[in-house]
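Engineer: If you want the building blocks of each chain, they are given just below.
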Amino acid sequence: MIHHHQPAHGRIPRVIILGGSGFVGQALARRLGRQGVETVPLTSTQLDLCSPNAVELLQEVVMRDDALVMAAALTPDRGKDVLTTMRNVTMGYHLAAFLQQTQCSHVIYLSSDAVYDDGASLLRETTPSSPATLYGQMHLLREKMLRAALEPQRCPLLVLRPCSVYGADDTHNSYGPNRFLRSAVSEQRIALFGDGEEKRDHVHVSDLCHVMHQALAQRSEGTLNVATGKAVSFLELAEAIRGICGGTVAIERTERRSPVTHRHFDVSSMVRAFPDVRFTPLTEGLTDYRAKLLDAARSFQEAYLR
Amino acid sequence: MIGFVGLSHLGIVSSVATAARGFGVLAYDPDPALADDLNNGHLPIFEPGLDDLLAECWPRLRFTSAAADLRRCELVYLSLDMPTDDGGHAELGPFGALLKQTVAHAASGATLVILSQLSPGCTRRWANRIAESRPDLRLFYQVETLILGGAVQRAMQPERLIVGCADAQDELPGPYVMLLQAFGCPVFRMSYESAELAKIAVNVHLASAVSVTNTLAELCEAVGADWNEIAPTLKLDRRIGPHAYLSPGLGIAGGNLERDLTAVQALASELGTDCGVVDAFLMNSRHRRDWALRALHAELTGASTVALLGLSYKPGTSSTKNSPALQLVRDLAPAQVRAYDPRAEADLREYPNLVRTSSALEACRGASALAVMTPWPEFATVPLAEVKLQMNGNLIIDPFGILDADQCDLLGFSTIRLGKPAPVKEAA
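Order-wise, the sequence lines are chains W and L.
Per the working numbering, the first sequence runs over residues 1 to 306.
Per the working numbering, the second sequence runs over residues 1001 to 1428.
Bound-form chain W, shown alone (with noise of 0.2 angstroms):
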């Protein structure tokens, strides 16, 4: 259950963007500055969370009544083994030191729904979390860290965890709607697990950003699941993206490495907290998303040409 403490359209206060050149921190940068909000995005350059001195570090930077954004994480794609997951950890608890000694005005932390159990295939904010993976446990407890840091500041803190999330800065080339986007635009070629039977869920980035930025107007406090409701399996988003391709993409098909399952998520919990928040159709986000990846070749072919 969302609680909103501000009314929509509500003043937004400076917000610091941990995980700012990061895919999403980057996309909610850009929207908020456009919408003229003062916001800080932070690296890992300026700021290491690992590092022994992070709270200090966090202690010049953040200021009284900020809001903050944690987008900052490894992202399975840079490990999956536990001395990463130990970084994340390491991440989270710092950030948690720092939480409880700072009042903040509003905290944002971006999960994932690799907090759910692998095999559920109906997801809602009550399903059970169980996650299969350390990149999920990594989650899970930086989520409950991060409330127990902030329940005695009474300072109101929001989990989104979506769904797999594309837009043309993805840096994660994870198996979807990014790595076969690319690779059908640069080698004409999509492969598949299998069949691609799998149902899955993809949101654009713009769509989280634009959530994360009504979240912050309102002060929004609780867990939600961001994601559209409408999965497709791989093989039918393969064939959307070979149709926006104009049919020229080859669909292979390699061994699959795991069993089939559906991911499927209620989202109504989504649609009552955030009613104006409409999720871009997946084939108007795929063709926009082809269409930057083409422009930004031609820039780079144009700058290496020149």
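Treat the hints as calculated values from the structure; they're not laboratory data.
If you're wondering where the values come from, they're calculated on a predicted model, not measured in any experiment.
Don't take each hint at face value.
The list that follows gives simulated cross-link-like pairs (lysine to aspartate or glutamate, EDC-like), each with its CA atoms no further than 20 angstroms apart [said to hold, decoys possible]: (1) W:Lys230 with W:Asp266; (2) W:Lys199 with L:Glu1218; (3) W:Lys199 with L:Glu1221; (4) W:Lys144 with W:Asp169; (5) W:Lys199 with W:Asp266; (6) W:Lys230 with L:Asp1136; (7) W:Lys230 with L:Glu1218; (8) W:Lys292 with W:Asp207; (9) L:Lys1321 with L:Glu1091; (10) L:Lys1100 with L:Asp1136; (11) W:Lys199 with W:Asp117; (12) W:Lys292 with W:Glu302; (13) L:Lys1100 with L:Asp1037; (14) W:Lys144 with W:Asp117; (15) W:Lys230 with L:Glu1221.
Take the given structure of chain W and dock chain L to it, following the hints.
Structural biologist: What follows is chain L alone, placed relative to chain W:
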């Protein structure tokens, strides 16, 4: 003289039905205003046929707010509907107070019968307490099976009567036997605990039918099947039966089923038994309750006015307890909702985005979408051509299929119903 204590829906209907069976009835409630209203023929509840029945048995029925009058009764029913909180948990305070009053004023040797809905074990605990101060009184538990919107028929012609006793072998007192026999149906005698659980068992079975139907209806919507084609085939299966509850709905509402499902969860938790299926029924109910919200959100873009037909949780009653319609009003805020219901009321202070109208057509004025949230039969005769003229949009959410599907199609409405796939949108 038969007494009834606690004049909520259960007490009023039961006292009138008993008087209609030829018995002298004294019905007590501590609220003097309520007793006065009833004595003047003003019913605080709506039930089809209740007004007429009350008029028929008037000479035999008196309402009172003087507890001392109970001394005239040889048999007294405790008939207060058990109120529940928002979590579906029974609130025993008001019942306990009435029972104490009854015990204090009951005639020597009177028979007390609890009709109020109690959890297993409650009647025996009360019986033991009563025995300490009034060993002359005998206590029984009788299962009530009224249905809101059909209570008069159920009270006058019960399918069976279930009586819980301190010991299943106990003989029933003469006046009680005479009353039970007047209804001309089988009478089952059993222990207190069996009778209390029998009441819950009925409701849990009904909840299972509701939940299974809703689960399968949702699957129909997703795979392109039509539940209306499937349901009749189930009714002809003897193991399911012609009276099985197979109409898809918007979850479990009204308060009574939720109360008993919550009671099973509480008992299972305390006693260490499994109640995963009951957890699933409640979860499915919450999921199904939001069906209309999800359908509207998928189809409407931007700010819209929505017309709502029906606020009560089901037709034939004014009760809005856990009503999906009122939940939808809340969820659509701040969008304006224009609503009409022939019986139910809503506190407009709790629903600032709600506008009550005096007719169905007035509710449709300027609306982008129409949602028929309660299948009142009169909604089937609302002139759809005029609805179309009143509305700005062409979306109809008709979960129960109350409107004429062919006419909706002819008029160009896009209609979404439970148990059927949503209409395919034409490509732009």
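Engineer: Starting from W:Lys144, check that the Cα of W:Asp117 is at most 20 angstroms away, please.
Structural biologist: 17 angstroms, holds
Engineer: Please verify whether W:Lys199 and L:Glu1221 have alpha carbons no more than 20 angstroms apart.
Structural biologist: 17 angstroms, holds
Engineer: Need the status of pair W:Lys199, W:Asp117: alpha-carbon distance at most 20 angstroms?
Structural biologist: With a Cα-Cα distance of about 15 angstroms, the restraint between W:Lys199 and W:Asp117 holds, given a limit of 20 angstroms.
Engineer: W:Lys199 and W:Asp266: Cα distance at most 20 angstroms?
Structural biologist: 14 angstroms, holds
Engineer: Are the Cα atoms of W:Lys230 and L:Asp1136 separated by 20 angstroms or less?
Structural biologist: Given pair W:Lys230, L:Asp1136 is violated - Cα atoms ~67 angstroms apart, limit 20 angstroms.
Engineer: Under the criterion that the straight-line Cα-Cα distance not exceed 20 angstroms, is the pair L:Lys1100, L:Asp1037 satisfied?
Structural biologist: 25 angstroms, violated
Engineer: Sort out whether L:Asp1136 lies within 20 angstroms of L:Lys1100, counting only the CA atoms.
Structural biologist: 15 angstroms, holds
Engineer: Would you mind confirming whether the straight-line C-alpha gap from L:Lys1321 to L:Glu1091 stays at or under 20 angstroms?
Structural biologist: 15 angstroms, holds
Engineer: Within 20 angstroms, alpha carbon to alpha carbon, are W:Lys230 and L:Glu1221?
Structural biologist: 14 angstroms, holds
Engineer: W:Lys230 and L:Glu1218: Cα distance at most 20 angstroms?
Structural biologist: Satisfied, since the Cα-Cα distance of roughly 15 angstroms is no more than 20 angstroms.
Engineer: W:Lys292 and W:Asp207: Cα distance at most 20 angstroms?
Structural biologist: 17 angstroms, holds
Engineer: Would the hint linking W:Lys199 and L:Glu1218 be met if the CA-CA limit is 20 angstroms?
Structural biologist: 18 angstroms, holds
Violated hints, listed in ascending order, are 4, 6, 13; each of the other numbered hints is respected by the structure.
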